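Q: Single-letter residue listing:
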Amino acid sequence: MGQITLQGVQKSFGPVHIIKGADLDIADGSFVVFVGPSGCGKTTLLRLIAGLEDVSGGKILIDGKNVVDTPPAKRGLSMVFQSYALYPHMSVRGNIGFGLKMAGLPKDEINRKVEAAAATLNLTPYLDRKPRELSGGQRQRVAIGRAIVREPKAFLFDEPLSNLDAALRVQMRIEVTRLQKQLGTTAIYVTHDQVEAMTMADKIVVLNGGKIEQYGSPLELYERPANLFVAGFIGSPKMNFVTGEPALQKGAATIGVRPEHLKIERDGGGGWQGTIAVAEHLGSDTFLYVDAGALGMLTARYIGELSLHAGDRVSLTPDPARIHRFDESGNALRS
Amino acid sequence: MARMATTRRVMISTAAAWLFGFLIFFPILWMGLASFKTELEAFAIPPSFLFFHWTTENYATVQERSDYLHHAMNSIIIAGGSTLIALLIAIPAAWSMAFSPTKRTKDILLWMLSTKMMPPVGVLVPIYLIYKSFGLLDSRIGLVFILCLGNLPIVIWMLFTYFKEIPRDILEAARMDGATIGRELVYVLTPMAIPGLASTLLLNLILAWNEAFWTLNLSTSSAAPLTTFIASYSSPEGLFWAKLSAASTLAIAPILVLGWFSQKQLVRGLTFGAVK
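The listed protein sequences derive, respectively, from chains A and B. Just so we're aligned, residue 2 is where the first sequence starts under this note's numbering, counting upward by one. Just so we're aligned, residue 171 is where the second sequence starts under this note's numbering, counting upward by one.
Calculated from the structure, these hints are not laboratory results. Keep in mind the model is a prediction, meaning the values are calculated, not measured. Each residue gets a CB set at the ideal place from its N, CA and C atoms; glycine is no exception. Treat the hints with care, as some may be off.
Unchecked claim - Incomplete in silico selection of chain A near chain B, CB under 7 Å:
{"#": "1", "residue": "Met80"}
{"#": "2", "residue": "Gly95"}
{"#": "3", "residue": "Phe99"}
{"#": "4", "residue": "Gly100"}
{"#": "5", "residue": "Met103"}
{"#": "6", "residue": "Tyr223"}
Hey, can you work out the whole structure from these sequences and the hints?
A: Now the structure itself:
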């Protein structure tokens with residue numbers, strides 16, 4: 002079991018409020034990603050759950066029990082650090098087994114569990130090596146091994162893939178997701194990378210300035226962003242925001258259209274007129290950055306190749322069913 | 171061309187390094203040579219470098235005139251004891267300053283170091299009087315105490331620098347893994363700090379071994395370490411260069427051997443953790 006509930010959790014360092022009251026329900030076995038720009042408090046929130054920081058207010062319930070006064074080790078959670086934080090003087094075996102040793106398990110049981118974890122992570126040939134003799138990806142797997150071997154109630158990941166190169170990151174992303182599904186253990190994962198968030202999460206928590214902006218499944222966030230911040234943060238390239246006349250026509254202060262929901266036509270079509278400033282041809286996609294005069298810069302995405310170039314005039318027509326409307330304070334208007 | 175220039179530069183700097191090393195080593199070499207000369211040859215002008223009548227009679231005289239082992243034992247106890255006690259005090263002090271610093275931590279560290287800026291002779295009279303009233307003059311405990319206090323700031327500074335290098339993440343990982351403070355110390359922190367502890371220990375052993383001001387002023391015979399033993403050869407009857415050299419060679423031999431075998435740790439210690 003690993004059900005985690007936050008009730009009005011607050012954290013301040015002196016006069017600075019890092020977390021301004023977070024309420025959250027994390028179901029047992031789910032994969033929840035905390036995402037947000039740097040400084041939004043996502044790592045702090047994770048460390049509060051881990052017990053590495055003390056809360057300034059509110060409750061953290063793990064399986065219904067308030068743990069704010071429980072030391073980290075007694076919370077039954079395990080953590081994977083951004084820097085891996087492996088014990089440099091211990092072998093891989095020692096690193097993975099350290100938690101079990103601290104728990105006072107008999108030696109042969111520790112060995113059995115460590116070997117099972119190592120087998121899951123393809124680390125068996127490296128069990129007797131020191132961390133400095135391993136590659137980045139292998140170190141990362143040792144850090145994960147150390148987390149899974151204790152069979153915790155939940156895994157806490159603090160930007161674990163950010164030190165890896167791009168190719169390895171994609172591979173580890175898939176490995177981590179598969180491992181979590183296979184073990185069925187609750188996982189909380191912190192990242193600033195919205196692609197990681199969208200691909201790995203069952204549910205995403207979008208944080209900004211110490212506040213939870215929205216909590217929902219990746220597609221919910223994509224299709225029904227609660228406000229301008231979430232709308233702008235989720236999705237790549239970023240959603241286009243248009244104010245003024247076109248927004249007023251829709252009865253909103255701002256309207257948002259995702260680049261993939263703009264129909265691109267050569268000049269003369271019925272939509273918003275503009276000139277292509279930059280055209281990016283990726284083969285699979287074409288991204289157009291269009292100067293639309295009073296509407297500002299608009300981004301449009303076309304699936305496949307479109308032979309348009311910088312300087313060409315185009316007209317962009319938003320898909321009427323996919324227009325997001327926001328009021329003056331930036332909150333989404335639902336029709 | 172470029173390659174030749176580099177080779178020449180390497181050769182010149184190597185030669186310069188050897189020359190510099192030789193200059194630094196020369197007094198020790200000369201002392202060692204003089205200890206095997208007769209008193210007459212020891213201050214002959216022009217001095218003879220290698221071609222003189224080699225003799226070991228100075229060592230025999232030194233051993234006859236004073237008890238080398240007694241002084242050496244005092245040196246070991248005083249240097250070893252003061253270093254160990256300093257480490258015992260400094261480890262928790264440096265630990266707490268490195269891992270839970272407050273606003274005042276930097277000031278405290280600077281204040282500690284500032285005590286080393288005062289010339290020791292400034293407090294010689296008060297310390298002497300205190301030692302006299304407490305009956306600590308010419309006692310090993312007294313010397314252990316004063317050398318320990320004298321070196322404590324440096325020990326704390328060195329350990330602080332080492333502890334600071336240990337990533338906090340690793341200690342947090344140990345906490346997540348269920349290690350108590352005690353076990354964290356035993357299983358994680360100490361093994362990671364051993365290189366730093368070793369170089370601190372060695373450097374302070376050498377500092378304490380060579381310390382001459384307090385040992386000369388606060389001891390006469392029963393607690394006198396090797397520094398006093400050397401000093402006793404500059405006697406009122408005049409300087410006996412050869413015997414003085416023999417006594418000095420004997421005094422520095424143990425620490426020289428120790429230093430030779432622990433070069434790696436020492437270099438690390440002297441660079442104060444600057445080189446990772």
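Q: Each of the hints needs a verdict: does it hold here or not?
A: Hints, one by one, checked against the model:
1. For Met80 (chain A), the shortest C-beta to C-beta distance to chain B is roughly 5 Å, which falls under 7 Å, so the interface hint holds.
2. Annotation: interface hint on Gly95 (chain A) violated; nearest CB of chain B at approximately 9 Å, more than 7 Å.
3. Checking Phe99 (chain A) against chain B by beta carbon gives a least distance of about 5 Å; that is within 7 Å, so the hint holds.
4. Satisfaction of the interface hint for Gly100 (chain A) is found here, the shortest Cβ-Cβ separation to chain B being roughly 4 Å, below the 7 Å cut-off.
5. Hint on Met103 (chain A) holds. Least Cβ distance to chain B is approximately 4 Å, under the 7 Å limit.
6. Because the closest C-beta pair between Tyr223 (chain A) and chain B is about 34 Å apart, greater than 7 Å, the hint is violated.
Hints 2 and 6 from the list above are not met by this structure, while the remaining hints are.
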